[in-house]
Every structure is written in C-alpha cells, then in structure tokens.
Amino acid sequence: QALFQEGTQHEFGVKTELFSQRLSIGDAYFDISQNNIVTPNPSFFIDPINNPQSFKADLANKGYELDIVGGLTKELSIIASFTTMKLRDAFGRRLRNIPDTTLNGMVKYDVRDGAWKNFGVFFGMTHVGDQAGENPATTATPLGVVTQVSFYAPARTIANAGASYKVVRYRMNVNVDNVFDKKTIWQPSGRFSLAPYPAINYRFSTTLSF
Numbered sequence: 003q004a005l006f007q008e009g010t011q012h013e014f015g016v017k018t019e020l021f022s023q024r025l026s027i028g029d030a031y032f033d034i035s036q037n038n039i040v041t042p043n044p045s046f047f048i049d050p051i052n053n054p055q056s057f058k059a060d061l062a063n064k065g066y067e068l069d070i071v072g073g074l075t076k077e078l079s080i081i082a083s084f085t086t087m088k089l090r091d092a093f094g095r096r097l098r099n100i101p102d103t104t105l106n107g108m109v110k111y112d113v114r115d116g117a118w119k120n121f122g123v124f125f126g127m128t129h130v131g132d133q134a135g136e137n138p139a140t141t142a143t144p145l146g147v148v149t150q151v152s153f154y155a156p157a158r159t160i161a162n163a164g165a166s167y168k169v170v171r172y173r174m175n176v177n178v179d180n181v182f183d184k185k186t187i188w189q190p191s192g193r194f195s196l197a198p199y200p201a202i203n204y205r206f207s208t209t210l211s212f
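As numbered in the numbering used here, residues 3 to 212 make up the sequence shown, in order.
Hints listed in this document are in silico derivations from the structure and should not be mistaken for laboratory results. Any given hint might turn out to be false.
As the list claims (entries may be wrong) - Mimicking DSS-like on lysine-lysine, the simulated pairs with C-alpha atoms at most 25 Å apart in a straight line are:
{"hint": "1", "residue 1": "Lys76", "residue 2": "Lys110"}
{"hint": "2", "residue 1": "Lys58", "residue 2": "Lys88"}
{"hint": "3", "residue 1": "Lys88", "residue 2": "Lys17"}
{"hint": "4", "residue 1": "Lys119", "residue 2": "Lys58"}
{"hint": "5", "residue 1": "Lys76", "residue 2": "Lys17"}
{"hint": "6", "residue 1": "Lys76", "residue 2": "Lys168"}
{"hint": "7", "residue 1": "Lys110", "residue 2": "Lys17"}
{"hint": "8", "residue 1": "Lys76", "residue 2": "Lys58"}
{"hint": "9", "residue 1": "Lys64", "residue 2": "Lys17"}
{"hint": "10", "residue 1": "Lys88", "residue 2": "Lys119"}
{"hint": "11", "residue 1": "Lys168", "residue 2": "Lys110"}
{"hint": "12", "residue 1": "Lys110", "residue 2": "Lys184"}
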C-alpha cells in the first residue's frame, strides 16, 4: 500500500519601507510540517519481537526571520538577515549541520562624487550557531534511552571585507575572506570527519563591461 506524505507551510509577517523607500525591513514567522515520515524504532533493537522495526512520525520546523535590505543613505547600503528556528527529528534531537540561529550582515559604502568617485568598500560577517556534528543512529541504550548527539560543532563568526574601483568600463575588485583568520571547524560529517574552515584568503578580479 502506498504511503502518502503531506506537507504544509504557514507563513505570515510584516514589511515596511523607510528613507524614501530606500530601505526595506521584513519580519516573518513560519511553521512547516510534514507527516508520515518513516522512522526507525529504537525499541526494536531492544525487543525486536514485540516492537515494529519502524513507525510513521510527523516532523515540524518553526521559527522567525528578519531581513533588512537597502540604503541608509545614498552612499551607505546594508544587507542583513536573522533566522531562529527549531528543527528536530522524531526524538527531539538536532540534525547535523543545521544551526538553530544564523545571522548575516554587510555594509557597503560607495563614493558618489569627488576624486574617489566610483570607489567602494564593504565589510560583512556571518554568524552560525552551534550545530550537531552527526546524525546519531536510531538505537537505544540498555536502559531504553534513545542515542543522543555525541558532539557539536562550535558556533562561528566569520568576517569578510573588500573594495572595488571602476575606471571607464573596467571594475577591479579585491576581496578578503575570513579577515581575522578564524580557526574553527565546519560541515562535520561525523566524529571522524571534521573539515577545517578555510583560512584567510585574498581574491582579485577585473570585470569588463561592454
């Protein structure tokens, strides 16, 4: 017999514009759910005779989002976002590489007049909360407790910066990733698979417009 799944998403929020409609601010609440997710039964590994191997579970994710995009002045622009949510599996455990909180922001200043016209600089940062470093097996301890996440990747805040300058049809860009050379780990695939976050990196590029 076919096992049908149904997902629903409810979202509502508010939005406004400031500074002669240069700056847009939006805030939203979301609630996403899906039913009939086949999930291994940890009790099966303790007593396989009297317990089914799997069961059907309903999963949900709820949270808030805040977005700010636009210009504070004609020269100074900003992009920022904040998200907080609570995504868990059927046993209340966090999922690998999915933080509860993320925060991103960037400010950019463009010179409009004078000797430095067409010159711009920016500074940005990304913040990611701590994350489960693994998806633990759906088994149980001899006491009947579901196996928990054994370790978490630490929260990280990474800064980036750069500058650009346009001469006639050429635009030259310099980007510096991980400005403060933050030493941390990211995207763990398990206790024995931890990737280091890339060290400070410099990039130069030139764009020609036709």
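Hint by hint, here is what the structure shows:
1. Straight-line distance between C-alpha atoms of Lys76 and Lys110 comes to about 11 Å, which keeps the hinted pair within the 25 Å bound.
2. For the suggested pair Lys58 and Lys88, the alpha carbons sit about 20 Å apart, so the restraint of at most 25 Å is met.
3. A threshold of 25 Å between alpha carbons decides the hint, and for Lys88 with Lys17 the separation of about 23 Å falls inside it, so the pair holds.
4. Distance hint between Lys119 and Lys58 is unfulfilled; the C-alpha atoms sit about 62 Å from each other, more than 25 Å.
5. As the CA atoms of Lys76 and Lys17 are separated by approximately 21 Å, the hinted pair is consistent with the 25 Å bound.
6. A C-alpha spacing of about 18 Å is found between Lys76 and Lys168, which places the hinted pair at or below 25 Å, so the restraint holds.
7. For a cut-off of 25 Å, the pair hint linking Lys110 to Lys17 stands: about 23 Å separates their Cα positions.
8. A hinted pair counts as satisfied when its Cα atoms are at most 25 Å apart, and Lys76 with Lys58 does not qualify at roughly 55 Å.
9. Of the pairs offered as hints, the one joining Lys64 and Lys17 holds, with about 20 Å between alpha carbons and a cut-off of 25 Å not exceeded.
10. Only pairs whose Cα atoms come within 25 Å are accepted, and Lys88 paired with Lys119 is rejected, the gap being roughly 46 Å.
11. Under the criterion of a C-alpha separation no larger than 25 Å, the hint pairing Lys168 with Lys110 is consistent with the structure, at around 15 Å.
12. Between Lys110 and Lys184 the CA atoms are separated by roughly 22 Å; this keeps the pair inside 25 Å, and the hint holds.
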